[in-house]
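A.B. asks: Can you make the complete structure from the sequences, with help from the hints?
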Amino acid sequence: MLPKNLKPGDESPSLVKEPVHKVQLLKYAGASGDYNLIHTDVETARSAGLDDVIAHGMLSMGFLGQLLTELAGVENVRRVQVRFSAMVHLGDVLTCKGVVKQITSLPDDRTLVLLDVWAENQKGEKVTTGEGEIYVRQGP
Amino acid sequence: MSAELPTVGACSEPEVFEVERGAIRKFAEAIGDPNPAYRAGDVAPPTFPTTFRVRVPGFQVDPSRILHGGEEYRYERPIRAGDRLTCVRRVAEIYVKQGRLGPMTFVVTELEGRDGEGNLVVHGRSTTIVR
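Note that the protein sequences, when read in sequence, are chains A and B. Positions 0 to 139 (numbering that gives the first Met the number 0) are the ones given, in order, by the first sequence. Positions 0 to 130 (numbering that gives the first Met the number 0) are the ones given, in order, by the second sequence.
In case anyone wonders, no lab produced these hints; they're calculated from the structure. We treat Cβ as the ideally placed atom computed from N, Cα and C, and that holds for glycine. Honestly, I wouldn't trust all of these hints.
Claimed, not checked - Beyond 10 angstroms from chain A on every Cβ pair, some chain B residues (computed):
id, residue
1, Gly8
2, Leu84
3, Gly115
4, Gly117
As the list claims (entries may be wrong) - According to the in silico footprint, chain B covers these stretches of chain A (three or more CB under 8 angstroms from chain B):
id, region
5, 16 to 25
6, 30 to 36
7, 75 to 89
8, 107 to 118
C.D. replies: The following block contains the structure:
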């Protein structure tokens with residue numbers, strides 16, 4: 000959860016995910032309906048010039064969705080937006096982070112908190128970057 | 000292989016998606032998100048609309064030539080089990096950029112998911128890059 004008295008520049012707790020595993024990509028293909036074989040079939044990946052399968056970009060966005068819901072609760076995620084800037088490989092450990100960018104008071108007892116969010120790999124490279132908007136309730 | 004690109008404004012037929020508990024659970028499990036509301040299948044994680052696969056007419060490209068550039072979901076309310084969402088996908092924008100390996104075409108589509116009363120639940124925006 001987020002601390003009280005948020006201000007721009009505040010950092011969210013980090014979410015460190017398990018290493019990306021082949022079985023996870025198979026599950027994600029099935030659960031999402033994205034059957035592009037570049038994510039699940041090594042031959043297809045190699046014919047595309049890769050060493051092995053790569054993760055679905057949407058999986059890393061899912062990790063950022065998890066970051067936002069852990070901050071705000073499932074009812075309070077307003078928006079999540081990302082750009083996929085680098086590939087995610089098997090074994091990569093992604094860490095999701097957020098920094099508060101803007102806070103807007105709403106007419107009710109809530110504020111809308113805009114965060115920069117990103118997922119970075121174990122080398123510190125940002126693989127997926129974007130923004131999230133969450134509702135945070137003020138008061139007691 | 001040749002690519003067939005859509006035109007701006009091209010729009011899918013409306014398609015109804017019934018949000019099932021089991022589908023929510025499997026989706027959360029694949030992401031590795033332990034949130035009890037997801038694991039119970041009550042509420043869908045924020046990226047669940049990726050399962051609403053709606054084709055835009057006139058968009059046929061070999062998957063090996065496609066990159067997913069970006070994605071956005073904006074919610075009016077969370078998606079819950081039992082929702083029946085009518086989804087429409089429309090081509091919002093197409094532009095070309097020069098990449099290192101030649102021109103790349105960016106196709107931006109927007110998705111609207113509405114409930115039975117016609118209220119907007121989720122708005123999505125997706126960028127597909129065709130090499």
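A.B. asks: Run every hint past the structure and note whether it holds.
C.D. replies: We went through each hint and held it up to the structure:
A cut-off of 10 angstroms between C-beta atoms confirms that Gly8 of chain B is not in contact with chain A; the least separation is 23 angstroms. Once the 10 angstroms rule is applied to beta carbons, Leu84 of chain B is consistent with being away from chain A; the minimum gap is 15 angstroms. The claim that Gly115 of chain B is not at the interface with chain A holds, since no C-beta of that chain comes within 10 angstroms of its own (minimum 20 angstroms). With a cut of 10 angstroms on Cβ distances, Gly117 of chain B stays outside the contact zone with chain A, its closest approach being about 21 angstroms.
Beta-carbon proximity to chain B at under 8 angstroms applies to 3 residues in the region 16 to 25 of chain A; the threshold of 3 is reached and the given coverage holds. A stretch counts as covered by a chain when three or more of its residues have a beta carbon under 8 angstroms from one of that chain; for the region 30 to 36 of chain A and chain B the count is 6, and the coverage holds. Under the rule that three or more residues need a Cβ within less than 8 angstroms of chain B, the assignment of the region 75 to 89 of chain A holds, with 8 such residues. Chain B is given as covering the region 107 to 118 of chain A, and this is violated because 0 residues of the stretch bring a CB closer than 8 angstroms to a CB of that chain, at least three being needed.
In terms of the numbered hints stated before, the structure departs from hint 8 and from no other.
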